[in-house]
Amino acid sequence: MTKGFLFVLGENAYFMAKRNAEFIVKFSTAYPFRLPEDSMVCVYCCESYDDPAMYRKHMDEEHQTFNVRMAFVHCTEGYIKVDCTDLRCRLCTDTFESLEDVAHHLYHKHEQSLDLSFELGMQPFKLEKDKMACAICKAKSLCLRQLSRHTQSHFLKYTCDACGKSYSTITSLKHHITYTHSGQERICRKCKKTFATLSEKREHSIQSKKCWSHLCNVCGERFLTWNIKQAHMAKVHGAPKRTYVCPECGEVFPDRKKYRVHFKILHTDDNFVCTCCGLKFDTKRNLENHRVIHTKEKLFPCPVCSKSFPRKKNLVQHMWIHSELKRFSCTLCNKQFNQRVSWKTHMKSYHPDLADFQGMQNSKVKMVLTVLKNDD
Numbered sequence: 029m030t031k032g033f034l035f036v037l038g039e040n041a042y043f044m045a046k047r048n049a050e051f052i053v054k055f056s057t058a059y060p061f062r063l064p065e066d067s068m069v070c071v072y073c074c075e076s077y078d079d080p081a082m083y084r085k086h087m088d089e090e091h092q093t094f095n096v097r098m099a100f101v102h103c104t105e106g107y108i109k110v111d112c113t114d115l116r117c118r119l120c121t122d123t124f125e126s127l128e129d130v131a132h133h134l135y136h137k138h139e140q141s142l143d144l145s146f147e148l149g150m151q152p153f154k155l156e157k158d159k160m161a162c163a164i165c166k167a168k169s170l171c172l173r174q175l176s177r178h179t180q181s182h183f184l185k186y187t188c189d190a191c192g193k194s195y196s197t198i199t200s201l202k203h204h205i206t207y208t209h210s211g212q213e214r215i216c217r218k219c220k221k222t223f224a225t226l227s228e229k230r231e232h233s234i235q236s237k238k239c240w241s242h243l244c245n246v247c248g249e250r251f252l253t254w255n256i257k258q259a260h261m262a263k264v265h266g267a268p269k270r271t272y273v274c275p276e277c278g279e280v281f282p283d284r285k286k287y288r289v290h291f292k293i294l295h296t297d298d299n300f301v302c303t304c305c306g307l308k309f310d311t312k313r314n315l316e317n318h319r320v321i322h323t324k325e326k327l328f329p330c331p332v333c334s335k336s337f338p339r340k341k342n343l344v345q346h347m348w349i350h351s352e353l354k355r356f357s358c359t360l361c362n363k364q365f366n367q368r369v370s371w372k373t374h375m376k377s378y379h380p381d382l383a384d385f386q387g388m389q390n391s392k393v394k395m396v397l398t399v400l401k402n403d404d
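Take the sequence shown: its letters are residues 29 to 404, numbered as in this note's numbering.
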């Protein structure tokens, strides 16, 4: 059987799964939603909700009638996400525990034209505001975004021969191959512009506001980072400053990152443990950075002077010694420095009376070191 024929079979399976999904969304309370960031976004009117119960209430009250095709407009690849916490048949109000149950019910009792030899074309979510657990295996997640990534792992059936990454549909796999293994990785996925180098593409991603991924659902403005968006929400739209309460132990965190690290390390098995001392870390990179305390290894040599360092960030800092670019400048005497430590020493020695010299750093200058450009 040729790979081209397999692609055709895969496309047909995806079409039939999507058709099944349309029937279930139309005749049950499997509520479809988008997840561009961390909030559930309505597929019909684009309102967003942090509380799943409020989203279900919105769907019940505002979208009792709807165009089912509109629910799938945003889903150009992969399976649509549905909240099936309160799963009922719209034709007879029977209740169900799973999408499979409601699919069999619609097919056998109401004679709807589902094809149960194909998949249902949906990723199921059972959601409560403070309890994010997988509807399939019950694994806990710290937020809806992480739960979504985990849930998707149950549907990964198509694997890339080049790099081993897996996808839920053949369409997603073909999209990955196009943008990763066909020389088109230098194309911006937002505006489709092509760049000569990956560095130019990264620079474009920073400079091109229309390609920024963090969208304000109130006014439509885009932002480069989630933190900048949150600051905008507070300043412009009066949104209260959020705190994050751990649903497992009740500890309160001022920002999302600290909460996520805490939850992942203490309340899930999705962490990385040091075999030498037992400390837990949220990422493999953080574990590797820690392990050099025990191993004393220096795996990052300087290509200029051959001095070695235990961590990549130490090497990056060191490389400024060899750079002609001066990142830091004294605004009082115009002396320039390529390392922050040299600049601070100068400020303390020659301008000790200037209490807040930290704010004088020139933050607009960027490092361009070819030797480190593609390390990440």
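It should be emphasised that the hints constitute simulated quantities derived from the structure, not laboratory data.
What you are looking at is a predicted structure, and each value in this text was computed from that prediction instead of being measured.
Take these hints with a grain of salt, some might be off.
Claimed, not checked - Calculated pairs, DSS-like style, for lysine-lysine (alpha carbon to alpha carbon, straight line, at most 25 Å):
#, residue 1, residue 2
1, 308, 154
2, 285, 341
3, 285, 257
4, 154, 168
5, 308, 341
6, 326, 159
7, 220, 238
8, 324, 285
9, 285, 237
10, 308, 257
11, 229, 159
12, 312, 286
13, 159, 218
14, 308, 340
15, 269, 292
16, 269, 312
17, 363, 340
18, 168, 324
Stated by the list, open to error - Distance ranges between label pairs, derived from CB positions:
#, residue 1, residue 2, range
19, 89, 266, 23 to 33 Å
20, 263, 177, 41 to 51 Å
21, 145, 266, 24 to 34 Å
22, 138, 217, 33 to 43 Å
23, 182, 138, 22 to 32 Å
24, 146, 177, 34 to 44 Å
Here a beta-carbon is modelled for each residue, glycine too, at the ideal position from N, C-alpha and C.
Check your understanding: Checked against the structure, which of the hints given earlier come out wrong?
Key -> Violated: hints 1, 6, 8, 10, 11, 13, 16, 17, 18, 20, 21 and 24.
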